[in-house]
Amino acid sequence: MSSAETWRSLLASENRSPDEVVTHARVRDVELPLGAGRAALITLDNGHDHTRPSTFGPRGLLALNDALDQVAERDDIVAVAVTGKPFVFAVGADLKGVAALENRDEARLIGRLGHEVFRRLGELKVPSFAYYNGAAMGGGVEIGLHCTYRTVSAGVPAFALPEAFLGLVPGWGGTYLLPNLIGAERALKVIIDNPLAQNRMLKGRQAYELGIADAIFDSADFLEESLTWTARVLTGALAVRRPEPDKGKGWDDAVAMARWNLDGRLHGAAPSFVRALDLVAAAKDRTRDEGFAAEDEALADLIMSDELRAGLYAFDLTQKRAKRPAGAPDKALACPVTKVGVVGAGLMASQLALLFARRLEVPVVLTDLDRERLDKGVGSAHGEIGKLLAKGRISADQANRLTSLITGSLTKDAFADADFVIEAVFEEMSVKRKVFAEVEEHVSADCVLATNTSSLPVGEMAAGLRHPERVVGFHFFNPVAVLPLLEIVRGGRTDDATLATAFAVGKRLKKSCVLVKDAPAFVANRVLLRLLAEIVQTVDEGTPIEVAERAAAPLGLPMPPFVLMGLVGPAIALHVNQTLHGAFPERFPLSDNLARMVAAGKTGVYRPDFTLDPEVVEIFSGGTAPSTEEQVLARALDALAEEIGIMLDEGVVAAAQDIDLCMLLGAGWPFHLGGITPYLDRSGVAEKVTGARFLEPGVASLP
Numbered sequence: 000m001s002s003a004e005t006w007r008s009l010l011a012s013e014n015r016s017p018d019e020v021v022t023h024a025r026v027r028d029v030e031l032p033l034g035a036g037r038a039a040l041i042t043l044d045n046g047h048d049h050t051r052p053s054t055f056g057p058r059g060l061l062a063l064n065d066a067l068d069q070v071a072e073r074d075d076i077v078a079v080a081v082t083g084k085p086f087v088f089a090v091g092a093d094l095k096g097v098a099a100l101e102n103r104d105e106a107r108l109i110g111r112l113g114h115e116v117f118r119r120l121g122e123l124k125v126p127s128f129a130y131y132n133g134a135a136m137g138g139g140v141e142i143g144l145h146c147t148y149r150t151v152s153a154g155v156p157a158f159a160l161p162e163a164f165l166g167l168v169p170g171w172g173g174t175y176l177l178p179n180l181i182g183a184e185r186a187l188k189v190i191i192d193n194p195l196a197q198n199r200m201l202k203g204r205q206a207y208e209l210g211i212a213d214a215i216f217d218s219a220d221f222l223e224e225s226l227t228w229t230a231r232v233l234t235g236a237l238a239v240r241r242p243e244p245d246k247g248k249g250w251d252d253a254v255a256m257a258r259w260n261l262d263g264r265l266h267g268a269a270p271s272f273v274r275a276l277d278l279v280a281a282a283k284d285r286t287r288d289e290g291f292a293a294e295d296e297a298l299a300d301l302i303m304s305d306e307l308r309a310g311l312y313a314f315d316l317t318q319k320r321a322k323r324p325a326g327a328p329d330k331a332l333a334c335p336v337t338k339v340g341v342v343g344a345g346l347m348a349s350q351l352a353l354l355f356a357r358r359l360e361v362p363v364v365l366t367d368l369d370r371e372r373l374d375k376g377v378g379s380a381h382g383e384i385g386k387l388l389a390k391g392r393i394s395a396d397q398a399n400r401l402t403s404l405i406t407g408s409l410t411k412d413a414f415a416d417a418d419f420v421i422e423a424v425f426e427e428m429s430v431k432r433k434v435f436a437e438v439e440e441h442v443s444a445d446c447v448l449a450t451n452t453s454s455l456p457v458g459e460m461a462a463g464l465r466h467p468e469r470v471v472g473f474h475f476f477n478p479v480a481v482l483p484l485l486e487i488v489r490g491g492r493t494d495d496a497t498l499a500t501a502f503a504v505g506k507r508l509k510k511s512c513v514l515v516k517d518a519p520a521f522v523a524n525r526v527l528l529r530l531l532a533e534i535v536q537t538v539d540e541g542t543p544i545e546v547a548e549r550a551a552a553p554l555g556l557p558m559p560p561f562v563l564m565g566l567v568g569p570a571i572a573l574h575v576n577q578t579l580h581g582a583f584p585e586r587f588p589l590s591d592n593l594a595r596m597v598a599a600g601k602t603g604v605y606r607p608d609f610t611l612d613p614e615v616v617e618i619f620s621g622g623t624a625p626s627t628e629e630q631v632l633a634r635a636l637d638a639l640a641e642e643i644g645i646m647l648d649e650g651v652v653a654a655a656q657d658i659d660l661c662m663l664l665g666a667g668w669p670f671h672l673g674g675i676t677p678y679l680d681r682s683g684v685a686e687k688v689t690g691a692r693f694l695e696p697g698v699a700s701l702p
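At position 570 of the sequence shown the residue is numbered 569 (numbering that gives the first Met the number 0), and the sequence of numbers has no breaks.
It should be emphasised that the hints constitute simulated quantities derived from the structure, not laboratory data. Don't take each hint at face value.
Here are the simulated distance ranges between beta carbons [stated by the list, open to error]:
id, residue 1, residue 2, range
1, E545, G391, 40 to 46 Å
2, F583, R400, 43 to 49 Å
3, G621, G378, 43 to 49 Å
4, R27, L701, 40 to 46 Å
5, D28, A480, 45 to 51 Å
6, E371, A599, 24 to 30 Å
7, L237, G382, 42 to 48 Å
8, D277, E545, 28 to 34 Å
9, P242, R285, 19 to 25 Å
10, A582, K202, 44 to 50 Å
11, E617, S443, 52 to 58 Å
12, A598, M256, 38 to 44 Å
13, E545, S682, 19 to 25 Å
14, G621, D277, 41 to 47 Å
Quick caveat: nothing in here was measured; it's all calculated off a predicted structure. Ideal placement from N, C-alpha and C gives every residue a C-beta, glycine not left out.
All chains should be built: construct the whole structure from the sequences, respecting the hints.
Printed below as a string of structure tokens:
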């Protein structure tokens, strides 16, 4: 029995996939230009607009199979083409349906069904064409790989094989067909490198330049141009030439480099990446049937794994919870923001100015104490606009408009007509309170005052103001333009209108907002500093820096703890640690060695060549109770579980999901872990330390 017949039987006899939004495959005939003949055009469409992209569950795959039945035996057509609804080609498997698969046999069966249906496009009596008219991801990309030829729209905003990012592999032909089309090195960029880089997407032109598509056309007349191109190919007026992939040393070298990179980044912590790489490596010598069968087995293993469920949980958090923040007040309470003020003109301030001007498209004025610093800050923002223009990210008109929106003033009366003022000055309570007191003398009574503090109490900052209810925490993460998290902190007297305005502004800035209680260091920094404080303490006790650094490797974090410290800056890490020590001295001990390192002017434990700085090693020497890597990791995980349990008890956020969201979007915590709480649950640490799991079984793990 074929996979299609098996699935038809399952769907008929059981209530399977009842919630699947079926992607239909609608067939219509089109007369090709140049007298080339008639083609059957299959349009993938789930009946919704572009905000709900077309996906494939078993019913959608069977619908495409039925459409291919219609065209397979026809003698009056010269080609079959596949395209999508407006703005969307297809975005792959129905992830909700994947999570509902009950056993390994079913998981393997969904892989076989995808292969069985898609491969028919390459086995028709006539050539097949994929017209990538819009967003194409996962199985959407793979449909086209099975076709004889491919065109892509220059307007395609997202083109990717993101499966490894979620805990899967491209399992409907991707790991076999793509490297055999464009070579292993280029294929691994799409299958491994981009997912590893926080799921980076290709644009349509990049997909064409990689050789995935044979032709590229403007979006305005994409279908018409694709049909004309098809006619030219069929009539022989155009010959499609593709370079043969290097199936010798070049293939092996690309795989070896990718494996070295994976080992260095993940240390085996994300099985999906390793499995995908193994499939690409073996695709050099396998037949297509062997390659597809290996993908089926990989899918079966990974679908029935906790890692995938954690990845799907993380995906759901970032796609749904991040867009509907828990605890956010009614958006109708938000006040309009037509002008923004930024106090300070340093690096962070200039980044904020550009972000506000670019996203809100309103005037932004910076202030500082002297002309030199002010001009430098405004000039930095203008310089970044110039870089965006040079890269083609914005037009000349947009660049001129943005430049005119960002100005500077030496006096705070420039804020008189501002609706939203954010401070980005030195992280010292007395300085921030003085700034807000000065700003309040110049702004209207309903102007929101926001602080970008990373650890100081918002309520204390607002104390003494005439209107403390309008002060809110607005904590960005560096680099501001890249990291999507925005922690919105409600002070003790912050009112609903202020909070609603903060969330409305955050949304316009295209940030993912999380409501946070006014607690020391809020969420992401508090979790990271607890991890770092525990690891630094083991070094103080005598553990070699390199041993402590390696201890966190099984977590697959974006960078090891001491590399992160170097990026953040030891002085900032020490300052936040001091804030947390003041609040929780028993859990955040102060490191005298770290203080000495900062006093010595050291910017990290490594020299520029990434060897350990011997002077820093000497500063941390003297401990008499070293730990092993395993002991350091165990202590760090216990500390994280304890701190997260306390944060949830304190109501710092609404639920464990919000802590995971903060770690995913603000700290680059790996998707394959689902954040931090699924890992602590899965490893048993949560229950050992707190007496219970953070999440119910099945939420981010197998039921």
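Checked hints:
1. In this structure the supplied range 40 to 46 Å holds for E545 paired with G391, their Cβ-Cβ distance being about 43 Å.
2. At roughly 47 Å, the beta carbons of F583 and R400 sit within the given window of 43 to 49 Å.
3. With their beta carbons about 47 Å apart, G621 and G378 fall inside the hinted range of 43 to 49 Å.
4. Separated by about 43 Å at the C-beta atoms, R27 and L701 satisfy the suggested range of 40 to 46 Å.
5. At roughly 48 Å, the beta-carbon separation of D28 and A480 lies within the given 45 to 51 Å, and the hint holds.
6. Checked against the hint of 24 to 30 Å, the C-beta distance between E371 and A599 comes to roughly 29 Å, which is consistent with it.
7. At roughly 45 Å, the beta carbons of L237 and G382 sit within the given window of 42 to 48 Å.
8. The hinted window of 28 to 34 Å between D277 and E545 holds, with their beta carbons roughly 29 Å apart.
9. In this structure the hint that P242 and R285 lie 19 to 25 Å apart at CB holds, the actual value being about 21 Å.
10. For A582 and K202, the hinted distance range of 44 to 50 Å is satisfied, since their beta carbons lie about 46 Å from each other.
11. The supplied range of 52 to 58 Å is met by E617 and S443, whose beta-carbon atoms lie about 56 Å from each other.
12. Distance hint for A598 and M256: a CB-CB separation of about 41 Å, consistent with the stated range 38 to 44 Å.
13. At about 24 Å, the beta-carbon gap between E545 and S682 stays in the expected band of 19 to 25 Å.
14. Checked against the hint of 41 to 47 Å, the pair G621 and D277 passes, with Cβ atoms roughly 46 Å apart.
Violated hints: none; the structure is consistent with every hint.
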